[in-house]
Amino acid sequence: MSEVIQEKAPAKKAKTLDFIAQTGDGARPMTGNEAIARGVWEAGCRVAAAYPGTPSTEILENLAKYPAEDVHAQWSTNEKVALDVAYGASYGGVRAFCAMKHVGLNVAADALLTEAYIGVNGGMVIAVCDDPGIHSSQNEQDTRLFGKLANVPVLEPSDAQEALEYTRWAYELSEKFDTPIIVRSTTRIAHTRSPVVVGEREEVESKGFVERPENIALPTTARARHPVVIERERQMEEYFSQSPKMQWIKGDSSVGVITAGMSYSYVRETLPGVSILKLPASFPLPRDAVREFCDSVDRIIIVEELEPFLETEISAMGYEVEGKVFFSRAGELSPEDVHEGFAKAGLLKSRKQENPIEINELVRPPVLCSGCPHTGGYMALRALNARVAGDIGCYTLAAMQPLQAMDTCVSMGSSIGTAVGLAMAGGETRPIVATIGDSTFLHGGITGLIDAVYNDADITVLLLNNSTTAMTGGQEHPGTGKTLRGEETHAVDYADVCRAVGVKSVREVDSYDLGVLYQAIREATEYRGVSVVIANRPCVLDPVKIKGPAFQIRAEGCTACQSCMNLGCPALSWSDEVLEGHRKVKIDESSCIGCTLCVQICPSDCIRPAAELKSS
Amino acid sequence: MSTNANGPTNVLIVGVGGQGVIMVSKILARLSQMQGLHVKQSEVHGMAKRGGSVFSHIRFGEEVWSPTIPMGEADVVLGLEWAEGLRWLRYLKPGTGTFISDTKRIVPPFSCRDRTHDARHGYSHHTVAEIVEQVPSAFAPDATGMAMELGNDRVANTILLGVLSTVMDFPVEDWLKVLPEFVPPKTLDTNLKAFEAGRAWTKEPHEPDLHDPADVLPSGPPMRRQVNLEITEAWCKSCDICVKMCPERCLALDERQIVELVNPEACTGCRVCEWLCPDFAIAVHVDAVPLEAIKAETAEEVVA
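First to last, the protein sequences are chains H and X. In terms of this note's numbering, the first sequence opens at residue 1 and continues consecutively. In terms of this note's numbering, the second sequence opens at residue 1 and continues consecutively.
Hint data in this document are derived by calculation from the structure and do not stem from the laboratory. A portion of the hints provided could be inaccurate.
As the list claims (entries may be wrong) - Here are the simulated lysine to aspartate or glutamate pairs, EDC-like style, with alpha carbons at most 16 Å apart:
hint	chain 1	residue 1	chain 2	residue 2
1	H	LYS584	X	ASP114
2	H	LYS148	H	GLU200
3	H	LYS584	X	ASP118
4	X	LYS93	H	ASP110
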């Protein structure tokens, strides 16, 4: 094992691309996502596919900034399709790439677990971004466990420089060991900018399709391959133990810390001088290196985010280790958490202090934007008192006050299946409505809809079509008519899809026309069988920011009924005027985009165009 | 403020989604790079666009490990919005850290959902005076107000950067070199003026603001609405328009499909049901009674 102490990568002459500003010393500030994209491009990858998902989205967006003749980059309908596309390219003999968020791997897992048996032709790398702390997800599952389940190696970079280097390295490993490789990132790596020294693109010739028996996953081939996979795991374990990327920072031998990924930075920050073993890969565990390290120190502490993955593996080697007893298994680690963990271990003094200034912190949950076309649909559902099966997207925010118009939310595309189950359970007196966004519908909703028709479920589907993948920042998808690189392409017609799978009651309405929207949903819920209402309006942020003439409230007409406040529109707030103990409402003109939803709700007709009120 | 001897300098920039937290932190990261320092800048995307709380950690120095600032170690907390500045105050280095915040208040809809009489905002009630008194180094300009005087409320962030420039060690020339790279060319003049206005603001004395703008109380004696809903059952044809449009959801149809008031506590007497009923079946009687009178009445009842 080599003993590397933070060696900076040698500065190479970089091929400059104008979208990333270079600074004097040859390094340029990059997020982890930008660095992974750069690593993919440098490794000579030819085909890349992904479905957007925070915090992984910007990897493909950045990859698409490199020349199209270098790499084909595309949005796919979902993570499984993306992985299939990338794997197809690997079959075809070129280096391929796929990116996804942690929960995206659940969708792609079916393919991945078998691909681990098949092996690769062209190098195959999958970047999976975990979200410890659940900044923008529905759970905080730990991808390292997936690596173990799938027998796929998991590399763990700890900053943007390593994100680039490990991604390039992953291609070497993939081809050397005939396996797909996971590069595991986390939110903190994905969205932290730090200086990165870049390299040049290596051109890798296509190997062409190579006919191998294991290309076809069958019981016979899989039986033959499983022992190979197990042997590969052992070989990689040895390889990682010898790897120069294994870092042993020699220090005080009374305590040895084993860590990987982002946790490494926190350990360096909080406990200088201690012996540290930083693993480049958490699976397969480089046992020889770990053994050598453990034998050299008196006490072994494991610092890792989320599950006690390394802790369990190293305990199983017969060492007495401490880890989750000091560091939380839930949530994202922070330097102060790691400090307090070491304090519990008796290595540092606790810094926990009483807050010198008592502050009542404001609760500021994220909200649907002012003018968000989803608002109208949920306002109508609220009035209908529907039982609403929700889904993943911006519109999940409608579950919060004041709209509070959603009863369930599970995973991408779950809403329709959930609604079918609710209907089959019987006994529900309220109309059952599944709400799903356009991108989510294409991702995982269509199969649910076919199921509903097939089983003749009495449900209504409200398809909230805002013509973008909004939650992740406005990405194109098969319904927008544009590709990742902005080229024109076919756009899915949702009404056609619904009719084609056998939905008899399909209606399209304008999301801003509250009366029609309400009436359409009401009629749809009264229809016996599967009915679909498609509510159309573009997202107010993407692809273009929408700003129409603002409205204002004629204060003397406002009766402080606060009906409009039920929209939860961020442009609306209390004014300083009080009527019989109740606040009147005002509109922030700079945020109002003129969607008119509040105008349609106001019973006293006192919300008028701002220009009209000013002129009178 | 001098750079920390043993570790990186830590600046925490906070605000509400859409205010430009990331842009401000990019400017600062660029400045530290110009000094040849190692920089890490960490942010979180996703919910940020949707009006949520946004933060960006910037750390620079000879060697930077963690991308996030440990609690209690920020040399500067820069708030683009008042309550957000306050939220992160606990990250400020006690005693020596500098707190800079716009006094601009962005009130979220979530703070305006209490429908009871004389309800107060859920917005932070800490006044500027209260904070300035407790933080040894604190600057709380009305940057948005100043920006509007310059003719563009978007330059408020540049005013705050002007204030920040007076406590950082970077040469003023460098700030002026970096600004044009990040602002639209058309607004450069206004931005340069804003930067100077921010610097000038720190040199003048300011009376700390004792006023809590979120805390507006009615003028005159506090009043109460006493609501009495009169439903003419014979006229109700079960259309349930009132049930659906009641902002407080306090009406329902009973087993005979006639409207009834099921949640009188929630009724605010807004009259929406009365206006919308096509059959004039609901009449809302509202009396505005001085609060003192109700208190006296309640007291009598208690005595009786």
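Structure-based check of each hint:
1. LYS584(H) <-> ASP114(X): holds (13 Å)
2. LYS148(H) <-> GLU200(H): violated (33 Å)
3. LYS584(H) <-> ASP118(X): Given that 16 Å is the threshold and the Cα spacing comes to 12 Å, the pair holds.
4. LYS93(X) <-> ASP110(H): Violated, at about 49 Å.
Hints 2 and 4 from the earlier list are contradicted by this structure; the remaining hints agree with it.
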